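K.L.:
For the protein sequence lines, the chains are A and B, in the order given.
At position 16 of the first sequence the residue is numbered 16 (the numbering used here), and the sequence of numbers has no breaks.
At position 146 of the second sequence the residue is numbered 146 (the numbering used here), and the sequence of numbers has no breaks.
Take these hints with a grain of salt, some might be off.
[What the hints assert, rightly or not] For the chain A half of the interface with chain B, some residues (derived, Cβ under 10 Å), not all of them: (1) L98; (2) A105; (3) K152; (4) D168; (5) M172; (6) K292; (7) D337; (8) G341; (9) Q345; (10) L347.
If you are wondering where the hints come from, they were derived from the structure by calculation, not from laboratory data.
Given the structure is predicted, the values throughout are model-derived calculations rather than measurements.
Each residue gets a CB set at the ideal place from its N, CA and C atoms; glycine is no exception.
There are 2 protein chains.
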Amino acid sequence: MDMMRAIIHQYQHQRVTLVEAGATRHRSIFNGLKALAGDHPHSKLPTPTVVIIHDAVRPFVEEDVLVSVVTAAKDHGAAGAIRPLVSTVITPSADGCLDQSLDRAKHRASEMPQAFLFDVIYRAYRQCSDHDLEFGTECLHLALKYCHTKAKLVEGPPDLWKVTYRRDLYAMESIIKDKISQQVCVVMDTKEDAGCIGFLQGVLKKELEVKGTSVTLCPNGQDLQKIFLGECYNFVCINTTSADFHQITKLLDGLESRTPSLFYPVAVVSVHFLDSQNVSFSERMKELMEMKDFAKEVKERNIFLYGVLVCFTQDNLQQLHENVRQGASIITSLLKDRNAGLTGQLLIA
Amino acid sequence: MDMMRAIIHQYQHQRVTLVEAGATRHRSIFNGLKALAGDHPHSKLPTPTVVIIHDAVRPFVEEDVLVSVVTAAKDHGAAGAIRPLVSTVITPSADGCLDQSLDRAKHRASEMPQAFLFDVIYRAYRQCSDHDLEFGTECLHLALKYCHTKAKLVEGPPDLWKVTYRRDLYAMESIIKDKISQQVCVVMDTKEDAGCIGFLQGVLKKELEVKGTSVTLCPNGQDLQKIFLGECYNFVCINTTSADFHQITKLLDGLESRTPSLFYPVAVVSVHFLDSQNVSFSERMKELMEMKDFAKEVKERNIFLYGVLVCFTQDNLQQLHENVRQGASIITSLLKDRNAGLTGQLLIA
Numbered sequence: 001m002d003m004m005r006a007i008i009h010q011y012q013h014q015r016v017t018l019v020e021a022g023a024t025r026h027r028s029i030f031n032g033l034k035a036l037a038g039d040h041p042h043s044k045l046p047t048p049t050v051v052i053i054h055d056a057v058r059p060f061v062e063e064d065v066l067v068s069v070v071t072a073a074k075d076h077g078a079a080g081a082i083r084p085l086v087s088t089v090i091t092p093s094a095d096g097c098l099d100q101s102l103d104r105a106k107h108r109a110s111e112m113p114q115a116f117l118f119d120v121i122y123r124a125y126r127q128c129s130d131h132d133l134e135f136g137t138e139c140l141h142l143a144l145k146y147c148h149t150k151a152k153l154v155e156g157p158p159d160l161w162k163v164t165y166r167r168d169l170y171a172m173e174s175i176i177k178d179k180i181s182q183q184v185c186v187v188m189d190t191k192e193d194a195g196c197i198g199f200l201q202g203v204l205k206k207e208l209e210v211k212g213t214s215v216t217l218c219p220n221g222q223d224l225q226k227i228f229l230g231e232c233y234n235f236v237c238i239n240t241t242s243a244d245f246h247q248i249t250k251l252l253d254g255l256e257s258r259t260p261s262l263f264y265p266v267a268v269v270s271v272h273f274l275d276s277q278n279v280s281f282s283e284r285m286k287e288l289m290e291m292k293d294f295a296k297e298v299k300e301r302n303i304f305l306y307g308v309l310v311c312f313t314q315d316n317l318q319q320l321h322e323n324v325r326q327g328a329s330i331i332t333s334l335l336k337d338r339n340a341g342l343t344g345q346l347l348i349a
Numbered sequence: 001m002d003m004m005r006a007i008i009h010q011y012q013h014q015r016v017t018l019v020e021a022g023a024t025r026h027r028s029i030f031n032g033l034k035a036l037a038g039d040h041p042h043s044k045l046p047t048p049t050v051v052i053i054h055d056a057v058r059p060f061v062e063e064d065v066l067v068s069v070v071t072a073a074k075d076h077g078a079a080g081a082i083r084p085l086v087s088t089v090i091t092p093s094a095d096g097c098l099d100q101s102l103d104r105a106k107h108r109a110s111e112m113p114q115a116f117l118f119d120v121i122y123r124a125y126r127q128c129s130d131h132d133l134e135f136g137t138e139c140l141h142l143a144l145k146y147c148h149t150k151a152k153l154v155e156g157p158p159d160l161w162k163v164t165y166r167r168d169l170y171a172m173e174s175i176i177k178d179k180i181s182q183q184v185c186v187v188m189d190t191k192e193d194a195g196c197i198g199f200l201q202g203v204l205k206k207e208l209e210v211k212g213t214s215v216t217l218c219p220n221g222q223d224l225q226k227i228f229l230g231e232c233y234n235f236v237c238i239n240t241t242s243a244d245f246h247q248i249t250k251l252l253d254g255l256e257s258r259t260p261s262l263f264y265p266v267a268v269v270s271v272h273f274l275d276s277q278n279v280s281f282s283e284r285m286k287e288l289m290e291m292k293d294f295a296k297e298v299k300e301r302n303i304f305l306y307g308v309l310v311c312f313t314q315d316n317l318q319q320l321h322e323n324v325r326q327g328a329s330i331i332t333s334l335l336k337d338r339n340a341g342l343t344g345q346l347l348i349a
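Bound-form chain A, shown alone (with noise of 0.2 Å):
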């Protein structure tokens, strides 16, 4: 419950109010209800209407499933999310051996969330038997059964599955790497795109955009507080007019002041040039070394920073492109894998 109130805390959550889950799955439901129904000596809000009933285990539900169900409850009492089977389910005897096996076609998968008008709902738990709340798994089966509500089924997309197994785990986390790459920010300390610049944007933008995210780019004055408003977790700050971190600070003090807390880490990819013609490669690398220091500092605040230094001769074109092109590679191979055991590295093109 202290977890639980810690999190409802830092996102600032208004409208939860927390109720002690029971033994098994239809009992932690029950209590739920009855904190809705005003039987809850904390409870703070009025009995709804319809009622959501949903898994911590499924966190990839999008709005529009949640309004398809409750829509549908309202029209039939009581409403749930399917899915088609991916193997036969099969019925064993008693001995271990196959019995019958059931027409894949013919039947779905019970998925969540389901909606239920809460008198529908509420009133088919009060009735219900203990070996109900003890060993049953389906709300839509005490919905039947005790109101004859037949419940109307909706098709839910692939993404509500069950979080299981490790691989479940696995699968999430890619998922939600997936999901917060979506995004990305080019900071500019210049209203300039020509040379370098513009063809690492160029590149950059291509390459990014191959992959299916939305690029935007932010030259130098432009209001950041606008992308910091959005979803965005991934910035790329180009840095030419100097080796110092003026720019990133700016940048971080920004995503810093966000409410409510950040809730991923933010990527940010510091990118540097050097002109070996002119600055000595050691000078150069010296000043950025101290990005270590800096990078771990802002990893406590849930930030990961990253440098990329591209190397150039005036006169060698064909070199200068690429090593941008190798840049911008090494640029999203950071945004997609998120390492945090790589941040304040300086990786070089």
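Knowing the structure of chain A, use the given hints to seat chain B on it.
P.N.:
Below, chain B without anything else, positioned relative to chain A:
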């Protein structure tokens, strides 16, 4: 067919006969059975007593479950792997409402592999209707319907699941990365394990073993061939005596000669040390920058090469230990993520 032939050739499989697929699952299986019965012109295999049927979309099948279904098939005529249901299965009515929900505890998901006495399953397929061949999905059902053979059901592991959705591809990728990260070989160019080398070995071994990885230490002179015979996909090369890539080259040549071809990319981390009181940082960097070209070359042979430089000064032991610890953490990050975009980079601890 050409792609399959190429795979069989590349991995030097000897006892494989390819058969063209049919338009449906059951027609494809029937084609395979016909080939085993000697009805196929190019068949080289004798008709077996027991035949195993498996799905390519269930790539993580272990030998023990194959043994279980074959043993059970010998006794019962047919056997198949099953799993508990994750979601409740329901029957929809014609108007898309809930008709009935099945008791989850009384049903199972039928998975693969399945095994049959060849005579049983071939007889079932020869008798079954066009409707079965067109719309059926369950081989156990055919054995029951046409040969009255009640299959023995064998509990399978969760990794038998069917790779169906995009999230399953993510899960699969992570499971493979997990599998090939189980073993790390640490190669040294010296027999000494004193000083910072010994300390690095200790920290690395500890950090990797926490993650359930076994670590083999391989001092200079020890025969690498034994390692290559195993399934090791991770090498950490600790270089102390020279700055060049002599040791790495020897290692990579060994890897190359391994047959059959490497199935997954091999990750190699080349670790170097810099005593910054005695050697100039920029000189050392320049030497090691050659790694980029070298890495590009070996990447074409499915080897991912990364560099790690650990800096220290002889008189600051605390700093040295801190940097070595950081180096170990960078190495484990590199081996875990196997990021193809970061090969050839020199990371600094």
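K.L.:
If a hint holds in the structure, say so; if it does not, say that too.
P.N.:
Hint by hint, here is what the structure shows:
1. Contact between L98 (chain A) and chain B, as hinted, is supported at the beta carbon level, the nearest pair being about 4 Å apart and thus within 10 Å.
2. Interface restraint check: A105 (chain A) against chain B, minimum CB-CB distance 7 Å, threshold 10 Å, status holds.
3. Here the hint on K152 (chain A) is kept, as its CB sits about 6 Å from the closest CB of chain B, short of 10 Å.
4. Taking 10 Å as the C-beta contact cut-off toward chain B, the hint placing D168 (chain A) at the interface holds, the least distance being around 7 Å.
5. About 8 Å separates the beta-carbon of M172 (chain A) from the nearest beta-carbon of chain B, less than 10 Å, and the hint is met.
6. The interface hint given for K292 (chain A) holds, since its Cβ lies 8 Å from the closest Cβ of chain B, which is under the 10 Å cut-off.
7. Because the beta carbon of D337 (chain A) sits about 5 Å from the nearest beta carbon in chain B, less than 10 Å, this interface hint is met.
8. For the restraint placing G341 (chain A) at the interface with chain B, the shortest Cβ-Cβ distance is roughly 3 Å, inside the 10 Å limit, so the hint holds.
9. Restraint check, Q345 (chain A) versus chain B: the minimum CB separation of about 5 Å is within 10 Å; hint holds.
10. Of the supplied interface hints, the one on L347 (chain A) holds, with its beta-carbon coming within about 5 Å of a beta-carbon of chain B, less than 10 Å.
Going through the hint list in order, the structure satisfies each hint without exception.
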